[in-house]
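Engineer: Each residue of the sequence shown is one higher than the one before, counting from 1 in full-length UniProt numbering.
Be careful, since some hints might not be right.
Mimicking DSSO-like on lysine-lysine, the simulated pairs with C-alpha atoms at most 27 angstroms apart in a straight line are [to be verified]:
hint	residue 1	residue 2
1	K345	K229
2	K69	K79
3	K685	K669
4	K879	K849
5	K513	K476
6	K388	K600
7	K167	K79
8	K627	K562
9	K600	K627
10	K628	K669
11	K89	K167
12	K585	K775
13	K849	K885
14	K229	K219
15	K716	K669
16	K853	K840
17	K587	K869
18	K79	K89
19	K445	K476
20	K713	K727
21	K600	K251
22	K600	K587
In case anyone wonders, no lab produced these hints; they're calculated from the structure. The structure presented is a predicted model; accordingly, all values stated were derived computationally and were not measured.
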Amino acid sequence: MIGNGFNNREFIYYNDKQTCADYVQSIAKSETIFLISTASCAIEILSLIHTLRQLDSVFLFSTEEDYNKYEYLFDEYSKVIGIVYELPKLFQSIEENIDLAIKQIESFQFYEQKQKSTRELSKEAGSFLWLRLFKDVVLNLPHDEQAKQDMINRLKEHYHNNSKQLKLIAKFNSEYNADDALRWYSGQPFLYKQLNRALRTEDIELLYAFRYFIADLCKSLAKEYQIIKESFDSTITFYRGVKLSNEEVKKIKNNVGKLISTNGFLSTSIDRNVALAFVGEPTDNEVSILFEIECSLDTNETVIMAMISQYSLHPQEQEVLFDLDAAFEFLSVTEDESSPMTIVKMRATNEGSIIAQEHIEHHRKYMSTSGVVLLFGYLLAETGEYDKCQKYFECLLKNPNEDNISFIYYYMGVVHSYKCEYEKALQYYEQAYEMMMNSVPQLLKASSFVLNDIGSILQIQGQYDVALDHHMRALKIRQDYVDYINMAVSLANIAVTYNSKGEFQRALNFFMKCLHLREQYLPNEHKETASVLSNIGLVFNHMDQLDTSLEYQYKSLEMNEKCLPPQHENIALCLYRIALVLTNKGKYDDALDYHIRALKIRESIFPNGHIKISNALNNIGFVYYSKKDYVLTLDYLKKSLEMRERLMPNINDAGLLNTLTYFGLTYTKLHEHNDALMYHTRALKVSQSLFHNGHGKITDCLTNIGIAFRELKDYKHAFEYFEKASKNEELNTTKPNLFKLARIYDNMGICLCSQDDDMSNGLSYRMKAVRIIEKLSPCIQYAQWIDSIGNIFFEYEKYDNALECHLTSLNIRVQCFPTDHVDIAENFMHIADVYIEKEKIKEQESTDKYQTKALFFYESALEIYRKWKHPNVADVINKIVSVNKNTN
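Put together the whole structure using the sequences plus the hints.
Structural biologist: Structure (structure tokens):
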């Protein structure tokens, strides 16, 4: 026996047939019983208990020789699953049916009405909408013999070892007609169980196979609904009794006022006493629940239900079946005063149909197609159900509608793109584009979406100029159609591409144009406007204007929180970007707070894990890397990689590349250089699978491998990888990245300097790096980098080079900091120290001139230090006194 909530399974053995039958008859309808018996014993006991609701399935164990002797039991008792003569097969069959019984329990999907204004197909909205959209899909698909045989073949495949079920399937194949749908659904477990398995598990392939029967069942319910409308008063109440787990009840209480749907056809009764018989007694883990569902027949237009008692094996239960797209509103949850039972009041509502229609209309405008068949697949992709989406469109491709085929290829490209299978995605996109261009008339507006998505993949792959060409072509089409909303999308993608190229001012210009359109044509508070605000903040972050970046990120967060549910991916993304800026500002603890908030949101959205959770763990690891807490860095990176390998074991993407790179960098800091080399080598393979030669990520991986070899004192291989990195960067399809080149030359210099016989050549490479950095946009990290090189020149008494380095870093700092910043005082000190050393070796300029310059910079430093009461004040005064003594 298995409790209705299935938290506890109770196994009871009987050796007396009558005692066993008495026990089964005494059990409440709220329980579920599986009977396992020898075939000979079953002959007597089944006649007593087979019609009982609580008896779910019967498994008969016998010898192979006796199979034919007892095969007739299949025809007499529909609950007999099979006659099994091998224990492993018996256990497997029992487990499969227990699993299916568990999946029959109500699984409510909730919808936050706040989402309606955004037209956002979030995970929550998708779960709520998908069955009502699927119903529209099956009603619009071809209802022909091929569809029927698809279902017959799947049923035969599942019951291939069960001769009784195969006979029933054959009978169904020869005798079924659409008017008998409710009778077959109510009377035959082979149909009911497989259909509900598909609905509860959202098995797209199986549901597609059942499309023929689902369409007939929905049409039959609609016909029977007219009888209810004519036979009952304007308001009617239906009842359903169940036992639910404490966790499920808690979820219901937290969602009063929200809309809900169920995963499939919902069975109820118009007789309250019948429902009470299914409630049962509560336990420590389960709550007795009575659902009371109110329906106003006068105002209800879209929630379909039907009396099916005339088709049922239990007509006395006065069963009413709700169609699979029924929507309800939770009204209240109260404790019954006269019994240990919770009463949940609900009301049937048209709102579910209205919401679905809004999404259909939005999709029609979005893609210039009104097909709900396509929208269903789009919903699966948008809510992260990539495998289901792929299987769905693969099913459609087997028997495509001519008007839809180019769109099916487009969506196949979309799902492969989401799965980071970019080459496959591009193949489908190219096929879709060709079909749209060859269509009569040409599907120009729809083709802009294909061009847009191709451009986005090319941008990811680092082919920026080709990506820009595709985005510009998409923009031109959208301008011709005066499609302001999608013009904004194109402008944003062009901006993203320029941002990736490092052309930040151009990126900013295009983002600002996008923002202007969205503020003009979207509601005041909209997630797309919030998105572009966040992207503008990202550009300012890259430009090292961190305070301005934070302003935009906070604006984006505030807008998202007003127009989206609190547990939404866009909010998590905004929190991540705020954390990114705070990390760059050195506010690591604040950054961690935001990263943790983002992680918690993603964990609530994806309780079974998701690649975005893996990325969030990776991001936290990077903050600990910045804090130099390498133990915690590795801890988070390992969690990230473990989840990624569980979810996407054979997929290479930018997130995996980042994780492997951070592993390598961390092991370098821990002086575990062999481990660092291993991870950087793996990262290189991933980068080469994602990007073409010339991409900056490949350059970075080659440079990191070179550093690992250098730390292992394998200077030959190190220099070879630095040269490979340099040559790869020269292949950059736009122009070489100066920062990356400077990093390569500096590491070449360090490598040569580590070999005593090539010091001069090594220092020249390092100076070459400084002169490249000087050409970059000012950044504090660059100033620190140049200072470190300047200190090396100072150490080797190359004072002219040291002076050039420290003057260059000073020029960067005065553009990034206020003139009285302590770091500028430090720069003054470095410069003054160099002049003092130049004076000591009495170079061509007069001694007084060097000392005068040194004194100027020491006094400038002293002025800043005094303002901030810095501990270096005494040291600077001593140096000034020393200079003055030497001058006198």
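Engineer: All the hints need checking, so say for each whether the structure fits it.
Structural biologist: To see whether the hints hold, each was checked on the structure:
1. K345 to K229: Roughly 21 angstroms between the alpha carbons, so the hint for K345 and K229 holds.
2. K69 to K79: holds (18 angstroms)
3. K685 to K669: Within the cut-off at roughly 22 angstroms; holds.
4. K879 to K849: At roughly 17 angstroms apart (the allowed maximum being 27 angstroms), K849 and K879 satisfy the hint.
5. K513 to K476: holds (15 angstroms)
6. K388 to K600: holds (26 angstroms)
7. K167 to K79: Holds - the C-alpha atoms of K79 and K167 are around 15 angstroms apart, at most 27 angstroms.
8. K627 to K562: violated (33 angstroms)
9. K600 to K627: holds (22 angstroms)
10. K628 to K669: The hint holds at about 9 angstroms.
11. K89 to K167: Holds. K89 to K167 sits at ~21 angstroms (cutoff 27 angstroms).
12. K585 to K775: holds (23 angstroms)
13. K849 to K885: Satisfied, since the Cα-Cα distance of roughly 15 angstroms is no more than 27 angstroms.
14. K229 to K219: Given pair K229, K219 holds - Cα atoms ~16 angstroms apart, limit 27 angstroms.
15. K716 to K669: Holds: K716 and K669 sit about 22 angstroms apart, inside 27 angstroms.
16. K853 to K840: Within the cut-off at roughly 14 angstroms; holds.
17. K587 to K869: holds (23 angstroms)
18. K79 to K89: This hinted pair holds, its Cα atoms lying about 18 angstroms apart.
19. K445 to K476: Given pair K445, K476 holds - Cα atoms ~10 angstroms apart, limit 27 angstroms.
20. K713 to K727: holds (23 angstroms)
21. K600 to K251: holds (18 angstroms)
22. K600 to K587: Distance of about 20 angstroms is within 27 angstroms: holds.
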